[in-house]
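A.B. asks: Input sequences plus hints: build the corresponding full structure.
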Amino acid sequence: MSARSIFSSLARQQPAIAAIAQQSIRREQCRLFRTSVMALTAQQQQQQQSVANDAEKVTRKFVDHVRKNRNFNKREPTRFIQIDSLPMTATSEDIRKLAREALPDGDKAIQELLFVRDDYFEFDGRCMLEMKTAEDAQRVIEYGNRRMIGGNVLRLSHIDKLSDKMRRNELNSVGDVESAAGRSVMVVGFPTPTKPEHLLGYLRSRNFYPAEGSLDNVIKLKTRNQATVSKFLVKFDSESEAWRAVRMFHNTDFFSRKRNENYKLQVSVVY
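Using the numbering used here, read the sequence shown as starting at 198 and increasing by one per residue.
Don't read these hints as lab results, they were simulated from the structure. Here a beta-carbon is modelled for each residue, glycine too, at the ideal position from N, C-alpha and C.
Have a look at the derived ranges for each label pair, beta carbon to beta carbon:
no. : residue 1 : residue 2 : range
1   : ARG343    : ARG403    : 38 to 46 Å
2   : ASN459    : GLU319    : 23 to 31 Å
3   : PRO390    : LYS329    : 46 to 54 Å
4   : GLU332    : ALA424    : 43 to 51 Å
5   : LYS254    : LYS358    : 35 to 43 Å
Computed cross-link-like contacts, EDC-like style, restricted to lysine to aspartate or glutamate with a CA-CA straight-line distance of at most 16 Å:
no. : residue 1 : residue 2
6   : LYS294    : GLU309
7   : LYS362    : ASP316
8   : LYS329    : ASP302
9   : LYS329    : ASP304
10  : LYS358    : GLU309
11  : LYS305    : ASP291
C.D. replies: Printed below as a string of structure tokens:
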């Protein structure tokens with residue numbers, strides 16, 4: 198016999214007892230319901246507390262990040278700027294264009310412009326600027342930071358000064374106090390035994406002459422140990438002549454009779 202049948206029989210025979218039993222059942226059901234609700238509420242509170250804790254952690258990280266940036270930006274402005282994340286194809290004109298757009302005096306406010314190169318004379322994506330005043334530097338930073346050049350997002354910041362280590366001796370021109378940056382080219386691709394006099398003869402045979410016609414302006418650069426080709430810096434009298442050399446020799450083949458092999462030349466203007 199089922200519990201429902203027993204309860205129905207009891208209700209007919211002993212109505213008072215049945216009523217008491219029914220009240221007890223209802224109280225138990227209410228107790229169980231309250232217990233379930235309390236357990237569910239406690240679980241929800243725990244979940245809410247966990248979410249609140251996670252949100253607080255994220256908020257603290259964000260606040261710390263903002264404070265660090267604020268403290269960094271509070272440093273005393275200087276006349277010197279570092280530009281990071283430049284594309285490998287960047288030129289001095291890209292930098293001067295930023296200054297012209299940011300300043301009333303344009304790029305006339307630039308005292309010195311250095312593209313940073315490593316020990317192998319390879320551009321590392323950084324450029325250093327010396328401006329006339331700290332105010333000029335600050336304006337350029339405010340205007341140029343987070344702007345894009347060649348698909349790269351630029352990062353601009355103040356630095357204390359320009360280090361002499363950033364000024365490459367290879368770009369010092371013979372008999373000229375000015376840097377040869379912008380009117381020099383880097384030539385990569387000749388066989389490793391190639392010497393400066395060999396390259397000078399190659400250039401002359403094609404009606405190209407380095408600055409002052411001097412062999413001193415054809416410099417063999419340092420290459421990595423595993424390099425299979427040589428690297429040279431050639432300084433010309435003008436930027437237009439440097440670009441003419443790029444148009445003439447870049448992506449052309451040099452055939453080595455001694456090795457019976459073709460070498461692809463890569464030529465670019467050095468800033």
